[in-house]
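A.B. asks: Listed here are the chains, written in short residue letters.
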Amino acid sequence: MDPIIDLANVTKTYRSKGKSVLALKNVTLPVEKGSFTTIVGPSGCGKSTLLKIIAGISLPYQGRLNYKGREITSINSDIGFVTQDSNLFPWLTLSENVELALKIRGMAKSERGRAAQKFIDTMQLTGFESHYPFELSGGMQKRCSIIRTLIYDPDIILMDEPFGPLDAQTRLILQDELLRIWDTNKKTILFVTHDLTEAIALSDKVVLFTGRPGTVKRIFDVPLPRPRNVFEIHNEKGFTDLYHEIWGHFKTEIRV
Amino acid sequence: MEEHSAPKSPPAEAGEIAPVEMASTQSALVNWRGFLVLLPGLCVLVLWELAAWQWPEIGRLVSQPIEIARGIVDVVTTGVIWQHFDATIKEMAAGYVIGAITGVALGFLCGRIKLLGDILNPYIAIFNGIPKVALAPVFVIWFGIGLMSKIAIILTMVFFVVFINTFAGLRSVNEDYVAIVRIMGASGWQVVREVFLPATLPFIMVGLRAGIPFSVIGAVVGEFIASTKGLGFFINYNQGTYDTNGIFVGVTILALLVVVLDALLSLVEKRLLKWRPEVEAKNVGA
Chain G
1 MDPIIDLANV TKTYRSKGKS VLALKNVTLP VEKGSFTTIV GPSGCGKSTL LKIIAGISLP
61 YQGRLNYKGR EITSINSDIG FVTQDSNLFP WLTLSENVEL ALKIRGMAKS ERGRAAQKFI
121 DTMQLTGFES HYPFELSGGM QKRCSIIRTL IYDPDIILMD EPFGPLDAQT RLILQDELLR
181 IWDTNKKTIL FVTHDLTEAI ALSDKVVLFT GRPGTVKRIF DVPLPRPRNV FEIHNEKGFT
241 DLYHEIWGHF KTEIRV
Chain Y
1001 MEEHSAPKSP PAEAGEIAPV EMASTQSALV NWRGFLVLLP GLCVLVLWEL AAWQWPEIGR
1061 LVSQPIEIAR GIVDVVTTGV IWQHFDATIK EMAAGYVIGA ITGVALGFLC GRIKLLGDIL
1121 NPYIAIFNGI PKVALAPVFV IWFGIGLMSK IAIILTMVFF VVFINTFAGL RSVNEDYVAI
1181 VRIMGASGWQ VVREVFLPAT LPFIMVGLRA GIPFSVIGAV VGEFIASTKG LGFFINYNQG
1241 TYDTNGIFVG VTILALLVVV LDALLSLVEK RLLKWRPEVE AKNVGA
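So the protein lines, in turn, are chains G and Y.
The numbering of the first sequence is the numbering used here, which starts it at 1 and goes up by one.
The numbering of the second sequence is the numbering used here, which starts it at 1001 and goes up by one.
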């Protein structure tokens, strides 16, 4: 089957303070439909830039980038994008935030309310529908930002270090919830993180990026069985070997 | 009603606590605080009154609270004040509304069309640097001593404070929000309605609130220069007859007018911006 996203020799330069900066160089990466792919790499290696290019919000680029066989030349609204910060709209209540995409797509109020409620209940946010973001904890905001993307059923979800700012326990809980959702609807997920354990625990494939200019250094398959238990992933047979293998390549990029 | 109307306890999760309001303890505090806020004002009024009794020359210079209150009741019951009040209110309303609308509209255009903003910004900075009050005599020459010249002064003053705040608001909109709704499929107009308008609203409200005292200043200055009615005319007229109490009657009515208008706008603001943890008073420009 053809990959849903197909990058071939994608190169991105941008201008900063009058100088031209090479952010990505010759990135070649096919992403299979329904797969969970994670990109890891040192900070500043252009991981986030890559997601923005795929979403069509950081144009133009050089090289070839196909989505379902066609070139991406403008914003791609078949895609869902979960940013590093929750970025909930502070002037909308939790449920209004969740419904926003449906409102933009012209769905009737009662219908989108019902759709939102279903997701709110699965994410255990019931009872907080009319709270504004400042009244929610960081973990609740993050849940809300994930379901406001899931609700419009995008083909692919791009996630840019979504659990970065959370504490360790909340992170594990949300990783677990994300995997359960992914297990049931098998969306294609392209996930960026700098946490190797998170990358292995979640994905089918771990893509290791080099330092700037970012390019694919190596792609690792994660053969761990599913469904996975993120809380006990360290004890999973094969985890440690894979971790050390990837880390061996990773550490040369961050020059420790 | 719906089953989710009553808030349930937050999901059990380590390190996550949703903020809880402390409503009951606060209401008792508000009463105490209200009293403490009134206290200095009451002290000043009482001391002022007593001083005027003790030293009559003080009363001639700055009048005294009871006389001012009596004067206000007098001009209201005899109806002397109404034509002045009416004239000033009409000038303020027209100047304020036109200034606010053009300020928001141009602020939006300059804030969103980067090139336009970059071109106009230095000119607006220059014009904003001019004390608008200094333009008042010119407006009187251009538009005569009637309503029009006052409207021109007020709208110039209100325009700048609203424009500058709106512009600053648009330039501070989080670009991630824009990207998020664009990816959700929003059209240009939907981006304005779902992101730019609500995100800029707090800034616009700051401009609108700051514009109220400006509209009073504009009206009074215009009336000082040339007019036949208005609260500024009333004050100026009493100055001509050495009636300090009359001056203070006019000034007090103006002050009350500003306080009432600001309180009304503050109510509107609280309603519109209830999504903010607390509405802080910020003032940009002018």
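Please keep in mind that the hints were generated in silico from the structure rather than gathered at the bench.
Note that the Cβ used here is the ideal one computed from N, Cα and C, for glycine as well.
Honestly, I wouldn't trust all of these hints.
In silico DSSO-like cross-links for lysine-lysine, where the CA-CA straight-line distance does not exceed 27 Å [as the list claims (entries may be wrong)]:
| no. | chain 1 | residue 1 | chain 2 | residue 2 |
| --- | --- | --- | --- | --- |
| 1 | G | LYS109 | Y | LYS1114 |
| 2 | Y | LYS1114 | G | LYS52 |
| 3 | G | LYS103 | Y | LYS1229 |
| 4 | G | LYS17 | Y | LYS1114 |
| 5 | G | LYS19 | Y | LYS1090 |
| 6 | Y | LYS1270 | G | LYS103 |
| 7 | Y | LYS1229 | G | LYS109 |
Label-pair distances were calculated between CB atoms; the ranges are [stated by the list, open to error]:
| no. | chain 1 | residue 1 | chain 2 | residue 2 | range |
| --- | --- | --- | --- | --- | --- |
| 8 | G | SER20 | Y | PRO1122 | 26 to 32 Å |
| 9 | G | ASP85 | Y | PRO1122 | 47 to 53 Å |
| 10 | G | PRO60 | Y | ILE1113 | 38 to 44 Å |
A.B. asks: Of the hints given before, which are not true for this structure?
C.D. replies: 1, 3, 5, 7, 9 and 10
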